[in-house]
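Please construct the entire structure, taking both the sequences and the accompanying hints into account.
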Amino acid sequence: MYFFKKYKNKMIVTLVTIILIITVGITNKRNSDITGAENFLGNIFSPVNKFFYSIGNKVSHSFGNVGDLFTLQEEKEKLQTEVLRLEDENRKLENIISKSDFLKAEAELLKTTDRNLMSAEIISKEPGNWYNKFTIDKGKKDGIKKDTIIIQGIKLEDGVIHEGLVGRVTKVGDNSSKVSAIIDEENSISFKVIRTQDGGIVKGSIDSDMEGFLFDRKADVIVGDQLYTSGLGKAYEKDLYIGEVEDVVQLEEELMKKIIVKPAIDFKKIYKVFAIIE
Amino acid sequence: MQIIIMSIIIIVNLILQGSILPFFSFLVFLPNTALVSVVIISILKGKYYGAFFGLFMGLFQDLLFGEAIGVHALIYFLIGYAVGVLQTSLNNENTFIPIIFSGISTIFYNLMYFLIIYFLSKNISLDSAVKRIFSIEILYNSILAIIVYRSLFKLFRTRSLKFGR
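Residue numbers (my numbering), protein chains in the order written: chain A, 927 to 1204; chain B, 229 to 393.
Please keep in mind that the hints were generated in silico from the structure rather than gathered at the bench.
One should not assume that every hint holds.
As the list claims (entries may be wrong) - Restricting the straight-line Cα-Cα distance to at most 27 Å, the calculated cross-link-like pairs of lysine-lysine (DSSO-like) are:
| no. | chain 1 | residue 1 | chain 2 | residue 2 |
| --- | --- | --- | --- | --- |
| 1 | B | Lys382 | A | Lys1129 |
| 2 | B | Lys350 | A | Lys1194 |
| 3 | B | Lys275 | A | Lys932 |
| 4 | A | Lys1195 | A | Lys1081 |
| 5 | A | Lys1194 | A | Lys1129 |
| 6 | A | Lys1164 | A | Lys1129 |
Right, here's the structure in full:
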């Protein structure tokens, strides 16, 4: 018994560590369904998170920068005069806003698409700096499955509305599901260049843009080329807009052309998305 | 009473990390409030509270946001225990202690996280892993540690008899 008394602490720590390592191993394999406990917590927290997320969204839209908080006193007077000017401007702008931008893209997308779309709201993002994952407020009850594609309407320079690829569902619960964004490092997407129909693969990277390469080293690709999903491998549907080529790097020793892609969607300001239901 | 305060800290952290901190993404790297509170609780309350506070904090975070259950729980549990063990031999009223501990814990946390996801065969390049392990997050967490330590100090200070101070 002396042995147990002496090493009690260390044994507890070792035991908990082993149990946790086993749970990590088990839960990582069974990847498609949210477990009972997760579902229970998710159901409790998703309205709370939704509430705070929408508040956070409003706050960040009006402040933009925390730095403002420290200079509030100085800025108060300046702002009061500006309010009057802005109120006038606001009346003019309201007229324009109601017709344009996001809502218009959303409406246009619903009108032009031949896919079956469902609107969903983002309720939380995964903490930490390693992955770009977020949770949406639709789940199994609304018809979402694993690998359901998430898109958003985006307006290109030519004024046409496209279906911009946001990500793919990795886990489904009753009322919420987890989405992995395309800028995440664990996602690879097969693409084609719309101008020349050359194919290749892009991957997320740490700097929230994407890196990729072309299958054909001699392929003709220039900065500004637009990329769409090719549908190869069936992970992503065909003809969803990914983004624009930002830079082309020729790697002599690796026998391929590397490209840097700027995704069409601003993942920092994402709020409402669509899910493609089959 | 202190258990209730700890539960409140866990809930506040979950809301903060899931819904509010993502809007500060212009900072590029975000501070980790959960990690900092585990370190501070462990400094103030010792290894038992530290370890199990970390365990529950991590479990809830994994269940709500994570992919595999137990990743954060394991890391926070070990950090809480280790800080608690080291803390007994140090003067815990010095403000430098939480700063140094949360700095080192941040490196340890990211290193452990990288090792776990590496062994779960998620592909991540060594280059970007190093960028994340030694990022500005260390600085953010150290600064955050001062604030959290100051605000929790009065709540959790244990009036035990100590010699050799």
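Verify the proposed pairing of Lys382(B) with Lys1129(A), using a straight-line Cα cut of 27 Å.
violated, 49 Å
Take a quick look at whether Lys275(B) and Lys932(A) sit within 27 Å of each other, Cα to Cα.
Roughly 16 Å separates the two Cα atoms, so the pair holds.
Measure nothing beyond the straight line between the CA atoms of Lys1195(A) and Lys1081(A); if it is 27 Å or shorter, mark the hint as holding.
Between Lys1195(A) and Lys1081(A) the Cα gap is close to 15 Å, so the pair holds against 27 Å.
Are the Cα positions of Lys1164(A) and Lys1129(A) separated by 27 Å at most?
holds, 17 Å
CA of Lys1194(A) to CA of Lys1129(A), is that 27 Å or under?
holds, 18 Å
Starting from Lys350(B), check that the Cα of Lys1194(A) is at most 27 Å away, please.
holds, 24 Å
In this structure, only the earlier hint numbered 1 is contradicted, and the remaining ones agree with it.
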